[in-house]
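> Now for the letters of each chain:
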Amino acid sequence: MWFGHASTKRRAEEAIAITLSMTVITGSSRPPVASWSGFHPQEPSLVTRVKAMVRAIGEAARAFKRTAVIVAMFATIWLISATPASARVIGPCQGTATIDGVPYDASFDTPSNPIVVPEKRAGLEIPYSGSVSMTNTNYLGAVGVVIGPLTVNIGDWGLDPNDDDVTSTDPGATYVLGSELDNIVGIYQLTAFHDADGGSCDADAYVKLEGPVLPTPAGGGSTAAAVITGLGVVAAGRVKGKP
Amino acid sequence: MRGRPVLGVISGFFFGVFLAIALQQWSIWPLDNLSVFGLPILGILLGLLMARWAPFGKSDGETESGS
Numbered sequence: 001m002w003f004g005h006a007s008t009k010r011r012a013e014e015a016i017a018i019t020l021s022m023t024v025i026t027g028s029s030r031p032p033v034a035s036w037s038g039f040h041p042q043e044p045s046l047v048t049r050v051k052a053m054v055r056a057i058g059e060a061a062r063a064f065k066r067t068a069v070i071v072a073m074f075a076t077i078w079l080i081s082a083t084p085a086s087a088r089v090i091g092p093c094q095g096t097a098t099i100d101g102v103p104y105d106a107s108f109d110t111p112s113n114p115i116v117v118p119e120k121r122a123g124l125e126i127p128y129s130g131s132v133s134m135t136n137t138n139y140l141g142a143v144g145v146v147i148g149p150l151t152v153n154i155g156d157w158g159l160d161p162n163d164d165d166v167t168s169t170d171p172g173a174t175y176v177l178g179s180e181l182d183n184i185v186g187i188y189q190l191t192a193f194h195d196a197d198g199g200s201c202d203a204d205a206y207v208k209l210e211g212p213v214l215p216t217p218a219g220g221g222s223t224a225a226a227v228i229t230g231l232g233v234v235a236a237g238r239v240k241g242k243p
Numbered sequence: 001m002r003g004r005p006v007l008g009v010i011s012g013f014f015f016g017v018f019l020a021i022a023l024q025q026w027s028i029w030p031l032d033n034l035s036v037f038g039l040p041i042l043g044i045l046l047g048l049l050m051a052r053w054a055p056f057g058k059s060d061g062e063t064e065s066g067s
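From first to last, the protein sequence lines are chains A and B. Sequential numbering of the first sequence, starting at 1, is according to our numbering. Sequential numbering of the second sequence, starting at 1, is according to our numbering.
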């Protein structure tokens with residue numbers, strides 16, 4: 001046996017590991033001479049080579065797993081921190097609305113710059129106007145709330161033949177808010193479309209409904225649930241108990 | 001892995017889901033694809049990392065005396 005005791009065996013295995021690494025990196029199986037002056041391993045056994053290879057593969061697999069987890073974390077953080085697609089109006093359509101004295105148009109189109117609906121909103125009068133610069137006969141459209149990959153329809157219009165080809169809202173048009181938004185708070189992404197014979201428009205907008213969050217079922221419930229499940233995540237860091 | 005990876009995955013997933021809803025309710029971020037999918041994935045990874053980096057605090061088998 002060419003390795004008689006533990007330290008010699010350990011050095012031999014390290015030399016084999018380096019040899020394997022050098023083979024992968026340079027294509028040469030010769031270890032660096034300066035690192036092993038005075039020690040020249042003879043022919044290692046096949047079992048030792050296999051053990052070293054398995055150890056190297058295991059180390060590589062662990063390193064890959066660590067790298068994959070880190071990459072996944074950074075990718076997720078990047079996805080979450082990335083600015084979502086700016087809300088916009090695509091097509092020959094435009095519109096404005098005035099809420100609580102503030103005029104809004106398509107530029108209020110990001111989560112940090114949304115259309116704000118105040119807490120005291122029951123009975124709020126919202127003057128609005130809109131127009132299209134295309135043939136507007138046989139129009140139809142809809143508006144919905146974006147929830148992840150889904151869009152929940154909250155309103156639609158048409159199919160209206162609009163034989164007179166009216167292309168704008170009536171002057172002085174006003175919408176009066178009722179109680180439909182009571183106990184609803186938060187920020188919502190809205191998406192809408194309008195199709196007619198002359199073309200189509202698509203639009204996105206963000207609407208912020210102000211009001212106290214914790215008294216609402218969704219606000220209070222989700223906040224409490226986030227805290228409780230967050231404690232569960234922390235508890236995952238505790239050592240498993242003995243049976 | 002000395003922690004509780006199963007607990008970490010389950011609680012991390014629901015933590016992400018409820019955090020996404022809470023952020024929307026607090027008008028911080030809407031319920032878009034990023035939060036609906038990203039936060040639960042991030043929660044799962046966080047739970048796994050917590051289990052990986054265990055121990056935090058005392059184990060269930062330890063006593064107050066520490067003996």
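Since the hints were derived computationally from the structure, they do not count as laboratory data. Warning: the hint list may mix true and false statements.
[To be verified] Partial list, computed: chain B residues near chain A (C-beta under 7 Å):
| no. | residue |
| --- | --- |
| 1 | Met-1 |
| 2 | Phe-18 |
| 3 | Ile-21 |
| 4 | Gln-25 |
| 5 | Pro-30 |
| 6 | Leu-31 |
| 7 | Asn-33 |
| 8 | Pro-40 |
| 9 | Gly-47 |
What you are looking at is a predicted structure, and each value in this text was computed from that prediction instead of being measured. Built from N, CA and C at the ideal position, the CB exists for glycine as well.
> Would the stated hint for Ile-21(B) survive a check requiring a Cβ distance to chain A of less than 7 Å?
Where the cut-off is 7 Å and the nearest Cβ of chain A is about 4 Å from Ile-21(B), the hint holds.
> Taking the closest Cβ pair, is Leu-31(B) under 7 Å from chain A?
holds, 5 Å
> Can you verify the interface hint for Phe-18(B): is its Cβ closer than 7 Å to any Cβ in chain A?
holds, 4 Å
> Any CB of chain A closer than 7 Å to the CB of Pro-30(B)?
holds, 4 Å
> Would the hint on Gly-47(B) stand, with a C-beta cut-off of 7 Å toward chain A?
This hint holds: Gly-47(B) lies near chain A, its Cβ roughly 5 Å from the closest one there, short of 7 Å.
> Go through the hint on Asn-33(B) and say holds or violated, using the shortest Cβ distance to chain A against 7 Å.
Interface hint status for Asn-33(B): holds (6 Å vs cutoff 7 Å).
> Hint check: is the beta carbon of Pro-40(B) less than 7 Å from a beta carbon of chain A?
With a minimum Cβ separation of about 10 Å from chain A (threshold 7 Å), the hint on Pro-40(B) is violated.
> Met-1(B) was flagged as interface toward chain A. Is the shortest Cβ-Cβ separation under 7 Å?
Not OK, violated: Met-1(B) not within 7 Å of chain A, min 9 Å.
> Do the numbers back the hint for Gln-25(B), that is, is its least Cβ distance to chain A under 7 Å?
Status holds, d = 4 Å.
Checked against the numbered hints listed earlier, the structure breaks hints 1, 8; every other hint is satisfied.
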